[in-house]
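K.L.:
Here is what each chain is made of, one letter per residue.
Number of protein chains: 2
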Amino acid sequence: MQPMDRATAVMAGLRAKVDTALGQWAAAHLSGEGVLGAAMREALLSPGKRVRPVLTLLAGELYRVDPDRLIGLALIPEVIHAASLVLDDLPSMDDAPLRRGRPSLHMAYGEAAAILAAFDLLSRAHASLPAALERARIPRRRLAEAQLELDRVIDSLCRAQVRDLEAAASTVEELEEIHAGKTGALFVLAAGWGALAGRPTGVERQAVEAFARNLGLAFQVIDDVLDVTGRPQRLGKPAGKDAGRVTFVDLLGVAAARRLARDLAETASGALDLFGDRADTLKRFAEGVVTRDA
Amino acid sequence: MQPMDRATAVMAGLRAKVDTALGQWAAAHLSGEGVLGAAMREALLSPGKRVRPVLTLLAGELYRVDPDRLIGLALIPEVIHAASLVLDDLPSMDDAPLRRGRPSLHMAYGEAAAILAAFDLLSRAHASLPAALERARIPRRRLAEAQLELDRVIDSLCRAQVRDLEAAASTVEELEEIHAGKTGALFVLAAGWGALAGRPTGVERQAVEAFARNLGLAFQVIDDVLDVTGRPQRLGKPAGKDAGRVTFVDLLGVAAARRLARDLAETASGALDLFGDRADTLKRFAEGVVTRDA
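Chains as they are written, first to last, in the working numbering: chain A, 50 to 343; chain B, 50 to 343.
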């Protein structure tokens, strides 16, 4: 088997593991009856790329940490991500009727239920952390710190979202700063928690974070490109949406935005060189993020 | 000094302590610049009755627990309460332009910022729990359990809010159930955490919870009465608001609703009889809740 094939197989396996675990988590934690339970389950279980949880598991793989140990931690940034998408789509934010080809949550369940579902998911994510750390065999004394990390990321998401809605960016640097606070912050959390179980050195931890920060930005730049070039039936939303926000394509055009994404992904991968061939799968993953077409 | 006077002085002192601590907490945790920081500070620091944090401190007083130990824990239900009021007032929920005589948060900061402020406050409340338990000298092994308690209360708030918005109650029992899930759940959490530091027996814990549950309902019933009879300049919202919801006054009329509130407050106080005169201040507090006029 060639190295690339092994990487592809590993990523597909982890993706399947994440989907199974998400279903189990929802059954355990979102089992309530009524509109709110249904709305939360749909927000979390509707099809997604699962980039963040796979990132956690692959960061753990740098240290040969069993993905089963990390799966609880891996889901938490995904739950936050799902909640943030519900808010993004609201009439007062992007006013998006569709999300990946399906009615967005407020269209399906009403605005109040959508807002409350996001709120409730956020709480559930926080409350899942103690058990997730225990499963990862990360010492309990790290809990308060991990809780603060999670909180800082949520604060960063909210602040960057406000700036994004204000269309406050007029340069690429400003736009990078906004998206570093959104996609970037969740990617850094996801990768950092995966590495944490392997007891990284300070330098290694910084390398993983640099990787995740750059990859998160690359991911967002490609998102903006696909919003313009993508086929609606693949993207599940009308091409050209997010018109109220400033995008990387607005500031750079499609060709330069693609180049930026490639550069960011290369910078990301370069940060992992100190791990040698242990980082091969993670680097392949980064390549996949910028070559995706949906 | 008479017993009633002592109780009044104690409550005023605790109330002042709560206001000081809220200001310090906001300075430490909500200090960010920009719209979001300002919105969060206003949501938390605008004038309020501080019933929940005072309840925590008074429940601790049953065991002579120093209020300074409990103040961090006492603030957490208040932060959740503040966030839930922001959501309550949104156009998709009560559509309330005013809150206690001031523009509601979405009127002052825009709807997106208000929703994100509530979301961010919720996260901050969760992340404050480890330090608050440590200050209360409650063992760290209780953290995961306290986190789950907090999460269950938030879930209860969200579910009851959905039912309330659906105007799902047609009997007093159904309406009591909804408000037991909202005001009641937060009151039970607030009082339960106060008692926790005193290492209550199972029977004592149940008594404190019964007290808080009944007092929470009494509080809500009086709220509904004041919405009809209250003077707008005191209440800070137009009398007769909350028209989309079913209220205790709708189902009972004003006179019977007042009687219900008094009965609930008496049931609440009766639950504390096993504490003897240690519960005097807490009973006076309950009396104040149902005789308030704003």
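Think of the hints as simulated: they come from the structure by calculation, not from any bench. In this text, all values refer to a predicted model and were calculated from it rather than measured experimentally. Hints are supplied without guarantee of correctness; some may be wrong.
[Said to hold, decoys possible] Which chain B residues face chain A? A few, computed with CB under 10 angstroms, are given here:
#	residue
1	S141
2	I187
3	R189
4	Q210
[Stated by the list, open to error] Just so you have them, the derived chain B footprint on chain A, three or more residues with Cβ under 8 angstroms:
#	segment
5	134–143
6	158–167
7	202–208
8	224–231
9	318–325
Even for Gly, the Cβ is constructed at its ideal location relative to N, Cα and C.
K.L.:
Each hint should be assessed against the structure and marked as holding or not.
P.N.:
Going down the list of hints, with the structure as the test:
1. S141: Hint holds; B:S141 Cβ to chain A Cβ min 4 angstroms, cut 10 angstroms.
2. I187: Check failed: Cβ of B:I187 comes no nearer than 13 angstroms to chain A, outside 10 angstroms.
3. R189: At about 7 angstroms, which falls below the 10 angstroms cut-off, the nearest Cβ of chain A leaves the hint on B:R189 intact, so it holds.
4. Q210: holds, 6 angstroms
5. 134–143: It holds, with 4 qualifying residues against the three required.
6. 158–167: holds (count 8)
7. 202–208: holds (count 4)
8. 224–231: violated (count 0)
9. 318–325: Our answer is that it is violated, as 0 residues pass the Cβ test (under 8 angstroms) against chain B, missing three.
Checked against the numbered hints given earlier, the structure breaks hints 2, 8, 9 and satisfies all the rest.
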